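In the order they appear, the protein sequences are chains H and A.
Just so we're aligned, residue 1 is where the first sequence starts under our numbering, counting upward by one.
Just so we're aligned, residue 1 is where the second sequence starts under our numbering, counting upward by one.
These are calculated hints, taken from the structure and not from any lab test.
Each hint should be verified, as a subset may be incorrect.
Take a look, some chain A residues computed to stay more than 10 Å from chain H by CB distance [as the list claims (entries may be wrong)]: (1) Arg15; (2) Ser69; (3) Asp80; (4) His86; (5) Pro284; (6) Glu285; (7) Phe345.
In silico DSS-like links for lysine-lysine, alpha-carbon gap of 27 Å or less [as the list claims (entries may be wrong)]: (8) A:Lys314 - H:Lys163; (9) A:Lys104 - A:Lys179; (10) A:Lys319 - A:Lys234; (11) A:Lys88 - H:Lys257; (12) A:Lys319 - H:Lys163; (13) A:Lys234 - H:Lys163; (14) H:Lys163 - A:Lys307; (15) A:Lys234 - A:Lys179; (16) H:Lys259 - A:Lys88; (17) A:Lys71 - A:Lys17.
Nothing here was measured: the structure is a model prediction, and the numbers come from that model.
The beta carbon of each residue, even a glycine, is placed where N, CA and C say it ideally should be.
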Amino acid sequence: MRKKEPFFWFTLACGTFIVAYILLPLIELITSPSISDLWESAKDKDVVGSIWLSVYTAGSAAIISFLFGTPLAYFLARHEFRGKRFLEAVIDLPIVIPHPVVGIAILGIAGKNHWIGQIISEMGIRVLGSVTGIIAVLTFVGIPFYIHSAKNGFEAVAPRLEKVSRSLGASMSSTFMRITFPLAWRSMLIGIIMCSARAISEFGAVVVVAYHPMTAPVLIYERFEGYGLKYSQPVAVWLVLVCLALFFVLRILTLRKAKDA
Amino acid sequence: MIRIENLNIRLLDFRLKNIHLEVQENEFFMLMGPTGAGKTVLLETIAGLIPANTGRIFIQGRDVTRLPSEKREVGLVYQDHALFPHLKVLENITYGLRFHGIAKEEGEKRLRRLTELLNIDHLLHRLPLNLSGGEKQRVALARALIVRPRVLLLDEPLSALDPNFREEIRNALKTLHEKTNTTFLMVTHDFGEALALADRGAVIDHGAIEQVGAIHDIFQRPVSCSVADFVGMKNLFEATFQNGAAEVSGIKIQLNQAPEAHHRYIAIRPEDITVAGNSLSSMPENTFPGLVTSLTSHGFTYEVHVKAGTVTFKALVTKKRLVNREIREGLEVLVSFDPASVHSF
Numbered sequence: 001m002r003k004k005e006p007f008f009w010f011t012l013a014c015g016t017f018i019v020a021y022i023l024l025p026l027i028e029l030i031t032s033p034s035i036s037d038l039w040e041s042a043k044d045k046d047v048v049g050s051i052w053l054s055v056y057t058a059g060s061a062a063i064i065s066f067l068f069g070t071p072l073a074y075f076l077a078r079h080e081f082r083g084k085r086f087l088e089a090v091i092d093l094p095i096v097i098p099h100p101v102v103g104i105a106i107l108g109i110a111g112k113n114h115w116i117g118q119i120i121s122e123m124g125i126r127v128l129g130s131v132t133g134i135i136a137v138l139t140f141v142g143i144p145f146y147i148h149s150a151k152n153g154f155e156a157v158a159p160r161l162e163k164v165s166r167s168l169g170a171s172m173s174s175t176f177m178r179i180t181f182p183l184a185w186r187s188m189l190i191g192i193i194m195c196s197a198r199a200i201s202e203f204g205a206v207v208v209v210a211y212h213p214m215t216a217p218v219l220i221y222e223r224f225e226g227y228g229l230k231y232s233q234p235v236a237v238w239l240v241l242v243c244l245a246l247f248f249v250l251r252i253l254t255l256r257k258a259k260d261a
Numbered sequence: 001m002i003r004i005e006n007l008n009i010r011l012l013d014f015r016l017k018n019i020h021l022e023v024q025e026n027e028f029f030m031l032m033g034p035t036g037a038g039k040t041v042l043l044e045t046i047a048g049l050i051p052a053n054t055g056r057i058f059i060q061g062r063d064v065t066r067l068p069s070e071k072r073e074v075g076l077v078y079q080d081h082a083l084f085p086h087l088k089v090l091e092n093i094t095y096g097l098r099f100h101g102i103a104k105e106e107g108e109k110r111l112r113r114l115t116e117l118l119n120i121d122h123l124l125h126r127l128p129l130n131l132s133g134g135e136k137q138r139v140a141l142a143r144a145l146i147v148r149p150r151v152l153l154l155d156e157p158l159s160a161l162d163p164n165f166r167e168e169i170r171n172a173l174k175t176l177h178e179k180t181n182t183t184f185l186m187v188t189h190d191f192g193e194a195l196a197l198a199d200r201g202a203v204i205d206h207g208a209i210e211q212v213g214a215i216h217d218i219f220q221r222p223v224s225c226s227v228a229d230f231v232g233m234k235n236l237f238e239a240t241f242q243n244g245a246a247e248v249s250g251i252k253i254q255l256n257q258a259p260e261a262h263h264r265y266i267a268i269r270p271e272d273i274t275v276a277g278n279s280l281s282s283m284p285e286n287t288f289p290g291l292v293t294s295l296t297s298h299g300f301t302y303e304v305h306v307k308a309g310t311v312t313f314k315a316l317v318t319k320k321r322l323v324n325r326e327i328r329e330g331l332e333v334l335v336s337f338d339p340a341s342v343h344s345f
């Protein structure tokens, strides 16, 4: 065998460091609480409630992103127009805005001093300290991930397939349902999962808008603050397991997609 | 059948200018032009996939200018086949039936007829991914024709195929056109395809139509330099005319037909020029001595460049003739051509 160059060893050293850096804390986290601690916390109403709330609000944010984001993602994938780059940059903004700022910004327009806030409150909708508020900020931080993935999926469907379908008598909506969707659904689903995964881990924006009701990340923070590391760990493990499940489905989907392509 | 009036289209980086075109019922019409001339844009406009800025399009007397694609009853076949990759061949072919309210029995009858005609009945349960280029194109043709469109639009259907499949699909197109009573409007950048398939055609360049007419006429009598170039008239010279003869850089060339006053050019097809050894018993009209400057192989034929004075004639010579006459670079030869082969415009 040929002698490895120094660069190879350098890459290997850096790579080992990174992988260890990612895995060691997570392994430590998952293995440190005893089974009985985990079991105990699984019976804790606050823990179950907060994890359920996290899943529920993140899922709702993903569904909203799907409903509102799909037409936009399709439009962006199919049209070239002046200002398209700008529009894409706007959609990406939530990724770079610091998370507590997102919460403050949302409260800014949903508060009583803003006309939108006044309309919302007249409709009987409360944002501050409510599930609605949590879903609102989670949608804000999660939607770019859905739009990106869905747009990539639509771009991979050749426009000519849709053109042929139209020429064969299918309307635009039939064409979407019969041709575009079956070819792009995997990317859309990946987008939904990425959006949920991003939303479920959100802390900064949520804690500004709603300390209560408590999502899992807020509960973890509260237990850590109030009782210390040991008490926050079991909740953290449960949250990580939920995220890993999402991640697992995501990996299967992306690998299948790569294989099909 | 298809009538296009005063059509103008502006896209981001392209324009179609003042297109007037008429295609007859059941005709095989060829839209020709170099790559980037605007052929596909015109085709997709007829199909209703690109909106027209001004102008009108009629199909069988019906104004379809504002109709969406699905209401125009036009079939579409692309160079890259555009088969639906997630559907089996059978599902691809029958895709359009449901949108036309065609009864199941009628649909099956049409399916059987087309798959027999195109010899694809053994492929019905396969996915497009596993088909050869020729098979894919036959499936695309069946899919377009099963709904009996008023016109079938074909966008370079032969270009992406291997040469052996190309002949197969060319024959299939001919058979289908004869047997289905459908108007065919095909786009190509290859004049040879037009000669082999179509009755009439148009040459389009830089978004404007240069010439419309019988294919043979376009082939023999181009009206502009770009059409002459497109149809392979490689001998294209600026000329002055006097007493029914043309003068090109001091060489006098006889014409059969008197040129019109506005004519500025003459053109001669390379296959109409013969190259002979330096000893002809008689010297017919339009025979000029010259020097062979280059030989380029085109496979079975050679393109021979002969310089007579300052004019370079390009002639196509078969390999056999080349060998028999011992034609090689630097040889003194005679080039000659019939006055009837000289076209002025």
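Hints and how they fare:
No beta-carbon of chain H is positioned within 10 Å of the beta-carbon of Arg15 (chain A); the least distance is around 17 Å. For Ser69 (chain A), the non-interface assignment is contradicted: its Cβ lies about 4 Å from the closest Cβ of chain H, within the 10 Å cut-off. Look at Asp80 (chain A): its CB is around 7 Å from the nearest CB on chain H, not clear of 10 Å, so calling it non-interface is violated. Non-interface call for His86 (chain A) relative to chain H: violated, since the shortest CB-CB distance, roughly 5 Å, does not exceed 10 Å.
With 10 Å as the threshold on Cβ separation, the claim that Pro284 (chain A) sits away from chain H holds: the shortest Cβ distance comes to roughly 54 Å. For Glu285 (chain A), the shortest C-beta to C-beta distance to chain H comes to about 53 Å, beyond the 10 Å cut-off, and the non-interface label holds. Once the 10 Å rule is applied to beta carbons, Phe345 (chain A) is consistent with being away from chain H; the minimum gap is 38 Å. Between Lys314 (chain A) and Lys163 (chain H), the direct Cα distance comes to roughly 44 Å. Violation of the 27 Å bound is thereby established for this hinted pair.
Proximity of Lys104 (chain A) to Lys179 (chain A) is assessed by CA-CA distance (about 22 Å); at most 27 Å being required, the pair is judged to hold. For the hint pairing Lys319 (chain A) with Lys234 (chain A), the CA-to-CA distance comes to about 19 Å; that is within 27 Å, so the pair holds. A hinted pair counts as satisfied when its Cα atoms are at most 27 Å apart, and Lys88 (chain A) with Lys257 (chain H) qualifies at roughly 19 Å. Proximity of Lys319 (chain A) to Lys163 (chain H) is assessed by CA-CA distance (about 47 Å); at most 27 Å being required, the pair is judged violated.
Under the criterion of a C-alpha separation no larger than 27 Å, the hint pairing Lys234 (chain A) with Lys163 (chain H) is inconsistent with the structure, at around 38 Å. This hinted pair does not check out: Lys163 (chain H) and Lys307 (chain A) have alpha carbons roughly 52 Å apart, beyond 27 Å. Of the pairs offered as hints, the one joining Lys234 (chain A) and Lys179 (chain A) is violated, with about 37 Å between alpha carbons and a cut-off of 27 Å exceeded. Between Lys259 (chain H) and Lys88 (chain A) the alpha-carbon distance is near 19 Å, which keeps this suggested pair within the 27 Å criterion.
Distance check on the hinted pair: Lys71 (chain A) and Lys17 (chain A) sit about 25 Å apart at the alpha-carbon level, within 27 Å; holds.
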